[in-house]
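Undergrad: Sequence:
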Amino acid sequence: MIRIDRRYNGPPDSAHGGYACGLVAARARRMLATGGDLVVQLHAPPPLDTGLRTARSGKRVHVWHGEELIATASPRAAVAGPVDFVPPAVAEHAMRRYEGHRSHPFPTCFVCGPDHRDGPRLAPGPVPGPGNRVACVWAPDAADGDGTGAVTEESVWAVLDCPGGWTLDPLRGPLVLGRMTARVSALPRVGEAVVVVGRGVPGDGRVLTCTTALFRRDGTELGRAVATWVRSAPTGTPQDRKVGSS
4 MIRIDRRYNG PPDSAHGGYA CGLVAARARR MLATGGDLVV QLHAPPPLDT GLRTARSGKR
64 VHVWHGEELI ATASPRAAVA GPVDFVPPAV AEHAMRRYEG HRSHPFPTCF VCGPDHRDGP
124 RLAPGPVPGP GNRVACVWAP DAADGDGTGA VTEESVWAVL DCPGGWTLDP LRGPLVLGRM
184 TARVSALPRV GEAVVVVGRG VPGDGRVLTC TTALFRRDGT ELGRAVATWV RSAPTGTPQD
244 RKVGSS
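Counting from 1 along the sequence shown, just add 3 to a position and that's the residue number in this note's numbering.
Note that these hints are calculated values from the structure, not bench results.
Please note that a few of the clues may not be correct.
FRET-style restraints, in silico, Cβ to Cβ [said to hold, decoys possible]:
{"hint": "1", "residue 1": "62", "residue 2": "106", "range": "38 to 46 Å"}
{"hint": "2", "residue 1": "106", "residue 2": "36", "range": "23 to 31 Å"}
{"hint": "3", "residue 1": "71", "residue 2": "9", "range": "18 to 26 Å"}
{"hint": "4", "residue 1": "15", "residue 2": "100", "range": "22 to 30 Å"}
{"hint": "5", "residue 1": "34", "residue 2": "106", "range": "37 to 45 Å"}
{"hint": "6", "residue 1": "78", "residue 2": "188", "range": "14 to 22 Å"}
{"hint": "7", "residue 1": "102", "residue 2": "59", "range": "35 to 43 Å"}
{"hint": "8", "residue 1": "54", "residue 2": "93", "range": "40 to 48 Å"}
{"hint": "9", "residue 1": "188", "residue 2": "93", "range": "21 to 29 Å"}
{"hint": "10", "residue 1": "204", "residue 2": "67", "range": "31 to 39 Å"}
{"hint": "11", "residue 1": "151", "residue 2": "34", "range": "22 to 30 Å"}
{"hint": "12", "residue 1": "210", "residue 2": "78", "range": "33 to 41 Å"}
{"hint": "13", "residue 1": "131", "residue 2": "16", "range": "35 to 43 Å"}
Every residue gets a Cβ at the ideal spot worked out from N, C-alpha and C, and that includes glycine.
Build out the structure end to end from the sequences listed, making use of the hints.
TA: Following this line, the structure appears as structure tokens:
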């Protein structure tokens with residue numbers, strides 16, 4: 004069973020997409036006995052404070068809430084290409100221009116919501132120069148740790164999620180995570196300030212893709228991810244909301 008604590012919300016009543024994908028990937032890796040990359044597809048908003056059943060079917064692992072399919076994890080050949088490093092001083096300056104301070108589709112989002120009670124409150128702001136990039140600094144605390152001084156892998160997945168979304172113009176209309184895969188090569192330590200960089204291209208389509216990467220302050224890459232986001236229709240019907248979570 005998988006259970007997601009209410010602290011890890013995206014929209015107010017469902018789990019944070021990146022965090023949920025990280026939990027599912029970790030469980031699926033054990034069930035499939037693989038150390039390779041996995042892609043996690045969200046089929047419905049993962050509920051909070053509720054037991055979710057996992058079941059293997061061939062090379063896939065499905066996550067169920069009763070009779071409703073929540074997520075599927077399956078092997079993936081490769082993750083995204085590299086993302087250019089942004090120096091910490093530049094990332095810190097970008098944080099001052101974070102649009103989420105002015106307006107936010109989900110202000111209590113665990114990762115980037117300025118109104119979340121005890122989340123990281125990432126502030127991925129635009130980076131000057133070519134390409135559509137955002138960057139911020141993350142200093143994980145003990146709540147993000149695994150008890151040994153390292154940060155949990157699901158926390159890394161969560162932090163690799165939101166910055167990419169902020170490259171896709173989320174203020175035009177709420178975006179929800181549909182699919183994500185991440186490769187974590189090394190876990191940061193609790194209290195270690197690291198840099199998160201997102202790159203994406205906003206557009207008029209409903210399905211958009213972005214990439215993110217996590218770096219030590221010296222530019223050493225710790226992990227990278229690619230994600231597919233879906234823009235909710237203005238009506239916000241249940242069908243539009245069922246793809247995933249922020």
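Undergrad: Each of the hints needs a verdict: does it hold here or not?
TA: Taking the hints in turn, this is what the structure says about them:
| no. | hint | verdict |
| --- | --- | --- |
| 1 | 62 / 106: 38 to 46 Å | holds (42 Å) |
| 2 | 106 / 36: 23 to 31 Å | violated (45 Å) |
| 3 | 71 / 9: 18 to 26 Å | holds (19 Å) |
| 4 | 15 / 100: 22 to 30 Å | holds (26 Å) |
| 5 | 34 / 106: 37 to 45 Å | holds (41 Å) |
| 6 | 78 / 188: 14 to 22 Å | holds (18 Å) |
| 7 | 102 / 59: 35 to 43 Å | holds (41 Å) |
| 8 | 54 / 93: 40 to 48 Å | holds (43 Å) |
| 9 | 188 / 93: 21 to 29 Å | holds (23 Å) |
| 10 | 204 / 67: 31 to 39 Å | holds (34 Å) |
| 11 | 151 / 34: 22 to 30 Å | holds (23 Å) |
| 12 | 210 / 78: 33 to 41 Å | violated (22 Å) |
| 13 | 131 / 16: 35 to 43 Å | holds (37 Å) |
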